[in-house]
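With the hints as your guide, set chain B onto chain A.
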Amino acid sequence: MLLLSAQNVRKSYGKVVALQDVTLELHEKEILALLGTNGSGKTTLIKILATLLTKDSGKVEIMGYDLDTHESEIRHLFGYVGQDTEHSSYARLTVKENLQFFGKLRGLKKKQIDQQIEKLSAYFDFDSNLNKLFMHLSGGQKQTVVIIRALLHNPALIYLDEPTKGLDPIIAHKIRTFLKEYTSKEGKTILLTSHILTEVDELADRVVLFHGGNNLITDTPANLKRTVGAPEFIEIQAENLPAATFDKISKLETVLLHIEKDPKWISFGISDFFNGTEAIINILRDDGVHAGFRHRVVSLEDVFVYYLGGLTEKFEV
Amino acid sequence: MIAKSTKPGVSLDNAPLSGKPIPFWNVVKATVVKDLQIRKRYLPDLLGFFAQLIVRVIFFLIISSFIVYKGPIVLNSREIFVFFIAAFLTWIFSGNALYAPVDSVNSDLLNGTLEFIYSNPIYRYGYYVGTVIANTLVDLVVFVPFYIFLIWYAGLNFFLALSIILVCFLVLAAMMALGIMLALLALLWRQVTSLLGILFLLFEMVAGAYFPVAQYPKALQYLAYTLPYTWGYDLARYFALKGHWNTIFPIWVEWTFLGVYAIFYTVLSSFLLKKVEMTSKKQGLHII
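Protein chains in written order, with the working numbering: chain A, 1 to 317; chain B, 1001 to 1288.
Excised from the complex, chain A in its bound form:
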């Protein structure tokens, strides 16, 4: 079932166009990720949907409510996690006092708030931190508080703007695990932005690629990876790869494309792991090239570079 629909949304700040013509749909119990370069309009879109900004034109409906006419009703329906979680709650209140205040502003009764705090903090094993002052928490703990805050009123829809930004991999993993578990158990719908592409790959059911205020393409991570044109890559250290050897490898039948996303490594997209790898190794051996060599499968990073990086060269074999 369609939960959120945005059609032809435009937004500019003076002469700067942030969103040109964005159309997207979000279905119930789906995790949709917005991917794009910095300044591509992802945060602007989330802020419009979170009623923090007004759009210039276009139509947005959230659970049957028109954003232009039912702002108050819509504000009950979503939870929002913004980017700056280091400063996101009252520093000199305890976690519990903060959550109780935020819960009351959501119209919840004290008993409901306490039950929600208990339930949500159990997910994170966070009980021992509830009586600590917010200012005494670590970055990851602060982020946890903000996520709990966004879920206090049990919203069907959750906006997460870079939820693991600046967190260490262990905390980030914990938050991802929570989001997966919580959304599947509770049937929540998530709209998420992130620059951590493995995170998007792990969480998202569908991905929207943003560029210059437009959504370029929307599909599942698997389908998007297929559009890159190669399922696997062999990467060779660029500095040790002579031009002649590069040409020979490029002309191989099993090599479909090459991507230069990292100046130190050249990625050759191959159609078949065994034949492709063997053919490349043979050429390197024949030419006497000693270079770093590694294998990887196609990732969302390739998709990102392919569509948004401008570094891709596709060639016919």
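Keep in mind the hints are simulated off the structure, nothing from the lab. Any given hint could turn out to be false.
Quick list of in silico lysine-lysine cross-link-like pairs, DSS-like style, CA-CA up to 30 Å [as the list claims (entries may be wrong)]:
no., chain 1, residue 1, chain 2, residue 2
1, B, Lys-1281, A, Lys-59
2, A, Lys-110, B, Lys-1029
3, B, Lys-1274, A, Lys-109
4, B, Lys-1020, A, Lys-110
5, B, Lys-1029, A, Lys-96
6, B, Lys-1029, A, Lys-59
7, B, Lys-1029, A, Lys-119
8, A, Lys-132, B, Lys-1029
9, B, Lys-1242, A, Lys-109
10, B, Lys-1020, A, Lys-59
11, B, Lys-1040, A, Lys-15
12, A, Lys-109, B, Lys-1218
Everything numeric in this text was worked out from a predicted model, so none of it was measured.
Positioned in the frame of chain A, the structure of chain B alone reads:
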């Protein structure tokens, strides 16, 4: 087909815990509790404020001991002291009403909670009223001793003492509305502390905290008439001096001025709050 519902979320498995409008007073109450919890952790600040006020009272006592006022009526040293204290009490009771909403915006900017406040289905006006009430409750701790002192020193009866409190409340209402308007400027411009300083200077000097407005040049008197404090100080003095004070206008006119200012500024600030929020959201100010 989009998941349409007349009540938020009812067509879904996971309905939000609350979909009803949040009553104005619930927002006020929650904000008061939150602010008092924060203020509880800044007790030395309150002690410092109290010490500051005691120094002022001592200063008034010294000054009044060698001044005699000879205007349309004559005030002796004791009455001059009451003259100062009456205005001073009005100021203690309502002074923070001007600062509290701005402080609240600054605190929300500092703590990063402004986005949460502005994406919530609450009355923002209630939020600011809550901050003023919390500050007033805290200020009562220092107000009450000085108030009791005035009643004792000036020998006021119940009616006069009550009238002073009523004046203080009306000034508070007007100042709160002015404070909310300043908070709106803080939302738009961020830096309004210097503007606050100018206003406080006006309230102290022009509104007649230390000198009778009737003795000012005409132009300054007209400027004073636009300030709620002018009427607050004048009425408080009238009651504190047990009627031995020439008010600028008859007291019923001054009560009316004060009441009208309180209502006018409240309506204006409520209207402007909506306007500023719309402007901020349209212009994409990074604050909200």
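Okay, the hints, checked on the actual structure:
no. : hint                   : result
1   : Lys-1281/B x Lys-59/A  : holds, 17 Å
2   : Lys-110/A x Lys-1029/B : holds, 13 Å
3   : Lys-1274/B x Lys-109/A : holds, 27 Å
4   : Lys-1020/B x Lys-110/A : holds, 16 Å
5   : Lys-1029/B x Lys-96/A  : holds, 17 Å
6   : Lys-1029/B x Lys-59/A  : violated, 36 Å
7   : Lys-1029/B x Lys-119/A : holds, 25 Å
8   : Lys-132/A x Lys-1029/B : holds, 23 Å
9   : Lys-1242/B x Lys-109/A : violated, 49 Å
10  : Lys-1020/B x Lys-59/A  : holds, 24 Å
11  : Lys-1040/B x Lys-15/A  : violated, 47 Å
12  : Lys-109/A x Lys-1218/B : violated, 56 Å
Violated hints, in rising order: 6, 9, 11 and 12; the structure is consistent with all others.
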